[in-house]
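Using the sequences provided together with the hints, build the complete structure.
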Amino acid sequence: MKLLITGGSGTLGREITKLAIANNHQVNILTRNKKLVSNNINLKYYYWNPNKEEIDSECFNGVNSVINLAGFSVFKLWTKTNKSKILSSRLISTLFILKQIKERGIKLNSFVSASGIAAYPDSISKTSSEKNSESIPDSFINQVVVKWESKVLEFEKQLPGISFSILRIGLVLSKEGGVFCISKKLSMIYALSPLGRGNQWQSWIHIDDASSIFLKCINNTSKGVFNLVAPNPVVQSELLRKIALYNRSAIILPNIPKFIVKLFFGQMSELVLSSQKVISNNLNDYNFKFPDIDSAIKNLSN
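Per this note's numbering, the sequence shown starts with residue 340, numbered consecutively.
I should point out that these hints are in silico values taken from the structure, not numbers from a laboratory.
No false leads were mixed into what you were given.
Result set (DSSO-like, lysine-lysine): computed pairs, CA atoms no more than 27 Å apart in a straight line:
| hint | residue 1 | residue 2 |
| --- | --- | --- |
| 1 | Lys490 | Lys562 |
| 2 | Lys514 | Lys616 |
| 3 | Lys391 | Lys496 |
| 4 | Lys357 | Lys373 |
| 5 | Lys438 | Lys373 |
| 6 | Lys446 | Lys357 |
| 7 | Lys422 | Lys597 |
| 8 | Lys415 | Lys374 |
| 9 | Lys422 | Lys486 |
Next up, the structure:
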C-alpha cells in the first residue's frame with residue numbers, strides 16, 4: 340500500500356511514517372521544503388504549498404490512502420497571529436488536498452484526518468464518547484476542531500467512493516516531544532507541579548498506539564469518527580505523579596493556582612486547565628499496547 344501524508348514532519352507524522360515503512364508500505368510526504376530528499380526507497384518527499392495552491396502532482400501516483408495531519412502547532416503562544424495560523428493552516432491545507440483529490444479524480448481507498456478531543460465540552464464529571472461532540476462558541480480550540488472537521492465532512496458527501504475517518508486525538512505521550520518530555524525534564528529538577536486543582540481529566544494515548552490506529556484506519560473499511568485515546572484516562576495530578584515516579588523523582592511543589600496559569604498563558608490556558616474525560620466506543624476491536632498510564636509512562640521512561 341502507498342500512503343500520502345500531509346504534516347508528516349511532526350512527531351506523530353514521523354512515527355506513522357516509521358511504522359508504515361516497517362509494515363512494508365510506501366510513503367509519500369508533502370512538504371514545503373523543496374530540498375528534502377530521502378535515501379529510503381519506500382519514502383519520498385513532494386513539494387506543496389497550500390497557501391499558494393501549489394503541489395507536485397506526482398505525489399498522487401499509485402497512492403491508496405491519504406493521512407491528513409497538517410496544521411500549525413497549537414502549543415505556540417496564542418497571539419492573534421498564531422491563532423490565525425492555527426485555524427487557517429488546517430482549513431486551507433485540508434480544503435486544498437481534498438479539492439486536488441476530487442478535481443484530479445484520484446481513486447483512494449481511504450482519507451484519514453486528524454482532529455482533536457477539544458470537540459467535547461470541558462467537564463470534571465461528564466464522560467464523552469464519539470456521539471457527544473459540541474460546538475462551543477467561546478472556546479477557540481473547540482471552534483478550530485469544529486471548522487476543521489466540517490471541511491472533511493463536506494467532501495465526504497462529494498466523494499462517496501472513499502472511506503473517510505476522523506481521528507480526534509487526545510494527549511499524545513512521546514519521548515520525542517510534548518507534555519511527557521517537558522514534564523520529565525521538570526521532574527528531574529523537582530520543578531514539576533500540577534496546574535490549577537490538578538483534578539482535570541487528561542485523556543491520553545501512547546504514540547505507538549496512536550500511530551497504529553492511524554494505520555488501522557487505512558487498512559480496513561471502517562469509517563466515521565474515532566477518539567484516539569487510551570481506555571483509562573487519568574487526572575492531571577496523577578499523570579504528573581506517574582511521570583515523576585518512573586523517573587525517580589517526586590512532586591514536592593504546591594499546585595500552581597489557576598489565576599497564575601491564566602496570567603502567563605492567557606486564553607491558551609484552556610489547553611492545560613480544561614478537563615475532558617474521553618473514551619472511544621468505536622475502537623473496541625483495537626488491542627491497546629499501552630492501555631493504562633503505568634505501562635505507558637514506564638515504557639517512555641526506560
